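Trainee: Sequence order for the protein chains is B, S and Y. The first sequence begins at 1 in my numbering and counts up by one. The second sequence begins at 297 in my numbering and counts up by one. The third sequence begins at 779 in my numbering and counts up by one.
To be clear, the hints were calculated from the coordinates, so they are not data collected in a lab. Among the clues, some could well be false.
[To be verified] Below 16 Å or equal to it, Euclidean Cα-Cα: the simulated EDC-like pairs (lysine to aspartate or glutamate) are:
id, chain 1, residue 1, chain 2, residue 2
1, S, Lys525, Y, Glu1386
2, Y, Lys1303, S, Glu410
3, S, Lys484, S, Glu449
Just so it is clear, the structure is predicted and the values come from calculations on it, not from any experiment.
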Amino acid sequence: MHLAYFPGCSAKGSSLDYELSTQAVLNALGITVWEIDDWNCCGSTPAHAVSTELSSALCARNLDLAAKAGADQLLTPCPSCLSNFRATAKRLEDPDFREKVNALLDTPCAETLPPTSSVLQAIGELVDCETLAKKATISLKGLKLVAYYGCLMSRPPELMHFEDPENPMLIERMLEALGAEMLDFPLKTACCGAAFGIPKRPLTAQNSGRILELAANLGADAIVTCCPLCQMNLDLRQAQAEKAMGRHFGLPVPYFTQILGLALGIAPQDLGLAKLVVPMDALLPKLAPKTSAPNA
Amino acid sequence: MPDIAKTERRIVGFLCNWCSYGGADTAGVARANQPTDLRIIRVPCSGRVNPLFVVRALLHGADGVLVSGCHPRDCHYSTGNFYARRRLELLKHFLPILGIDPARFAYTWVSASEGQRWQHVVTRFTEEIHALEPAPHFEELEPLYLSQRQSTEPKRPFMPQPPDLLAKLKEEIRTHLPELDCVLGWQKGRDALHAVPFFLRQEEDLERLSLDATCHNSLVRYLPEYKGKKVGIIVRGCESRALVELLQEGLIAREDLHIFAIPCHGLLDVARLEEELGRYQHLENLVIEQDSLRITVDGKERSFSPQAFLRSTCLGCASDEPVLADTCLGSFTAGESTPVTAPELALLDGLNLTERLRFWRGVMDRCIRCYSCRNSCPMCVCHDHCIAESRQPHWQSAEHSVTEKFFFQIIHALHLAGRCTGCGECQTNCPVGIPIFALRAHLNRVIAELFSGYQAGRDAQAVPPLLSYMVDEANIQEREWQ
Amino acid sequence: MRIGVFICHCGSNIAGTVDCARVASLAAGYPDVVYATYPMYTCAEPGQAAIEQAIHEHRLDGVVVASCSPRMHEPTFRKTVERAGLNPYMFEMANIREHVSWIGRDIEANTHKAAELVLLAVEKLRRNRPLYSREFPVTRRVLIIGGGVAGIQAALDCAEGGIPVVLVEREATIGGKMAKLDKTFPTVDCSACILGPKMVDVAQHPLITLYAHAEVEEISGYVGNFSVKIRKRATYVDWSKCTGCGTCMEKCPSKKATDRFNEGIATTTAITIAFPQAIPKKAVIAKDFCRQLSGKKCGVCAKVCPTGAIDYDMQDTFVTENVGSIVAATGYDLMDWTVYGQYGHGRYPDVISSLAYERLMNASGPTEGHILRPSDGREPKSIVFVQCVGSRDPSLNRPYCSGFCCMYTAKQAILTKDHIPDSQSYVFYMDIRAPGKMYDEFTRRAQEEYGTQYIRGRVSQIFPNGKGQLTVMGMDTLLGKPVEITADLVVLAVGIEASRGARELAEKLRISYDAYGFFMESHVKLKPVETNTAGVFLAGVCQGAKDIPASVAQGSAAAAKVLTLFARDCLASNPQIAHVDNKRCVGCGKCVRCCPFGAISTCTVRGEEKAEVIETMCQGCGLCTATCPQGAIQLAHATDDQILAEVDALCQI
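The following block holds chain B by itself, in its conformation from the complex (with noise of 0.2 Å):
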């Protein structure tokens, strides 16, 4: 398998260390990925609510280079990218919408585009939960997560494909795997309210805020994440999420790659652990080796 990488924006900048873990992950579970030559924005915001044919030329590009460079799938650690690639594709579908599309490109779309993937959703299919639990070096046992997926991993379901669209249950099946307690957590798909994040802060401070409520009502140590614009949202402004709840949390929340990479065994730095804002310095103290690791 040919498997093209797009990091989006956000990987080079907010969610470093999301992509940090990601290419450790990959790497220490044997998934070799290329990062596609020259790629650019998604146009996932704010293209998209300007013009459907510039977000969608925009996303057209970095498909075409994939397709051009003989990828089998074009993998994404972004919701938000793949959910622009999915409805791109869809959309080119239309000859008359493909015109417009070519019509604003240097060289037309290919006419035959890699099917797109997250990430997550990769891994989970390349890797199952056994072989996981194999790899794994570290045991995650007391550690008490909950799995937050977003909006946007799971929605438009006849778009995304991924799961039970309300009740998505990968990163937990994972996670359990590797020794860890996963909550049930009924808003793993709730909004978390970050498009808002600029004209409507208190909405977003409120949206947030229920789902760290939740989490914290729960018992949970940390919740655990798969989109940078999430992560970014619950942990950087976690306080003022704490300030509209009147009620403090400090829940760390990590991507799912950075648990899963400390469970690999791979060292905290290597991961980004330290860009967390709310940090997990206090869980990592529970994690122990495996005790009867079978391969070790």
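Given chain B's structure and the hints, the job is docking chains S and Y onto it.
Mentor: Same frame as chain B, now just chains S and Y:
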């Protein structure tokens, strides 16, 4: 009869009394304006509509025919429209091979409350018929004459019968004859090229038993007449399928039969050989070998390639294994018969609709209404009660018109739908060489397409597709009338 | 033949856009037509008299009336010609009103079309033959399938009318859904108090034979003469000995059996009597939960039963009953609401169905009428009711309204306040549908007197808030704002669906059902109780959503239909049925295979197999006629020759 208004087309509707006729009434009560072309015939149920009514109308000048019934599941008679759906969908796929534009025929469902839907359907269908040319008058068409032959390689090469097969067969029959009333086989006819059916009753008859690649008549055809008697029959793989069909229809009883199955590597197309030989007085000698066929007529030896004179029905045959047998003689080739388009069908496939209709106009003119096609068909179980010759019901007149001749072929084909095992006897026995097998071959193709690969004669327990239905049909896309 | 043709003006309805006089003059030239005229109103008394007069004067032996739809007046005119001495089937109609004058303005085209439709009718009539009904005897017994309130009502009414009744109930007790309810709207009277006596009447009525824990296996026959095979499912208790004392239930060691009667909010014993007022009050063993029947050692119930009624070796048994009519009253089931992820897929114990809530409120329920949360047994103070869960939801292909949920939700809100005075109820609704007598007043009471907060909008998500309560997020569409309520208990007004097995039963009964499995009535407005199979009637929710008063009314209506049918000793058969021409039939059995009514059998005539039509079963669809290749089976009044004549009238050019 009154003249049709000049701006109108001739459109016939068959509407079920309970839903669609009521829907048309509802449209009327709502004063829903509609084109005036349609004339409605009220029938109890869409299941009452014999597809032949539709063909009859279209052949006799209708520009369009619309059948409408209750929505599936809402049938007043519970399941009538489910059967109608299969039969009418089949008809829609059948019309093109006749050269009739399938756009001239539509079937749909309209409930008694759907006045608006009825108005929409009628308006749309009428518009569509107006968009077509007026229906051609079959009788007045210019005939299209074509050379009918295209060469196709057979799936399995022709081979003559193993030399000892006849002797072995005779031995087997000799053993079983005492417990049987009769054994169906062949004997030489007027000359070596023309084998005829032979009914063996005593041991002496074995002398006259003959068996070679000219013995084509399907003996299965005679079986229903012997129901209740113990009968032996010699069958090849393809003929055993006709046997299965008759068992399915309960016209013969398995326990009364003794089946002598023989292998087969192709039968000769006697009709084409005759054509090639031309008129002759005496046929003195016939030698069938793997790659040469030598016939001496009137003192002159002619040589042919047997591969080139195989019956078209044998070309796609991959296996001669019998479906049923009591005594197997010789070894058989197993394999799936993958469909091969018969040459006569391939010829029609290459024509457009008008050309096809003109083609039939040309070839059907030759028909002398001898009914050899029917009489040789193992599946024509009606025998003396064929509707072609009945006064009540009076489907066919004795009129010598090409339309009547063509209509008979359509009756025959549609009566065979889902039952034809593709033996090709109908065409082989046609004294004027009309390629009528094309119609059956096309129907078999459509049946397989619509009903998940169904092939007649494979399973005595199977329910024939036109005598069954599914609530949600897998391969029938109903028209939405958007 | 001598045919008379009448082209009706229908006032200006037809004459406005059809030249009737010209149609009549054209018709006069058609084959066998000896008389053609164009009256003003043919169906009116003078119009009919004119037909009779013309039949006598012109010695007519067939009549064509071109007027409105035959679906309207064919029966009228058949009687008219019959009065004048003709066979009623020597009559044809041409529909020149609904199919001509009302749908086109062009007089020229309409006149042409009308004239052709008259020709069509004339050609058909020329091939008509007199048809005669036959009389056949009726078995004056009725089968009622389903012992809910509709079936009970139908059974009691029929029995009171002197008709012996066979009542088949799938569950171990009759009473249906109503028996589970606590109180009923809009009077808030006790469900058991009004249904109980009726159930007892069923048990005690000498003309009612009750088969509980039984199902209809096979149905054959036809109106007046059905034969029904009933499967009596094994109960492992000999009911002729069981006294319903309940000792076995007290002693049964297997206490984790699913309590279907209590909608799963409690468990019960493996041997059980559904509820104290059950009819029949007999014990049944649930095989899956019984230790003895799952191969372990037990046998406690057999030891304690004072009458020795326990029979672990019991098998299903069958009885056959002959009846003349059947009433289907199979009711409904709740849809599987756990498909809704936003309501938690059934993961949260304190999100329950409305029927489960009825059991929580019911004094004979597992909590003895105390409303307690299934999760922790606490009394809820904040209760959210969510309406239209699985109703009016096209995304789940359930576009229909379940009809009675608005009302019982209001009732449950009122009762909740009665039970827990310091509680607060909230109702999320789409529209309040309260069109019955005293219904709207009732929902207003729930709001105004009982302080129930009605919020117009859908619930987007329900989830536990981690502090032992549930957060209900939704939209208030009247305020245009999202709302969030913290609830102790959420009650879902779960939509209804056709009862489990309804489609299979419909196929046995040879009746139609809609896309959702509800049985089809013969006519939505005018024949709401009849089905398209003669002698089979419908009562209750099996035909479509309805509440208790409507179900009872339909039960009585079905009984009235049964009594009407049985008012005569003999029934007249429909003469428009198929006939086999024995000379032409080759016995290939194609007609037998596809007859939707099983009305064709085979017989042996002079040693040959032939098809035979069972006259009373044939409904006259003509599928056999379209199937028979040799035309040996012909549907009277729609024969091949008649339809061919119609086709030829239009298409011989």
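Trainee: Now tell me if each hint is right for this structure.
Mentor: A quick look at each hint next to the structure:
1. At most 16 Å may separate the alpha-carbon atoms for a hinted pair to count; S/Lys525 and Y/Glu1386 meet this at roughly 13 Å.
2. As the CA atoms of Y/Lys1303 and S/Glu410 are separated by approximately 15 Å, the hinted pair is consistent with the 16 Å bound.
3. Restraint check: the Cα-Cα separation between S/Lys484 and S/Glu449 comes to about 29 Å, which exceeds 16 Å; the hinted pair is violated.
Figure legend: structure checked against the earlier numbered hints; the only hint not met is number 3.
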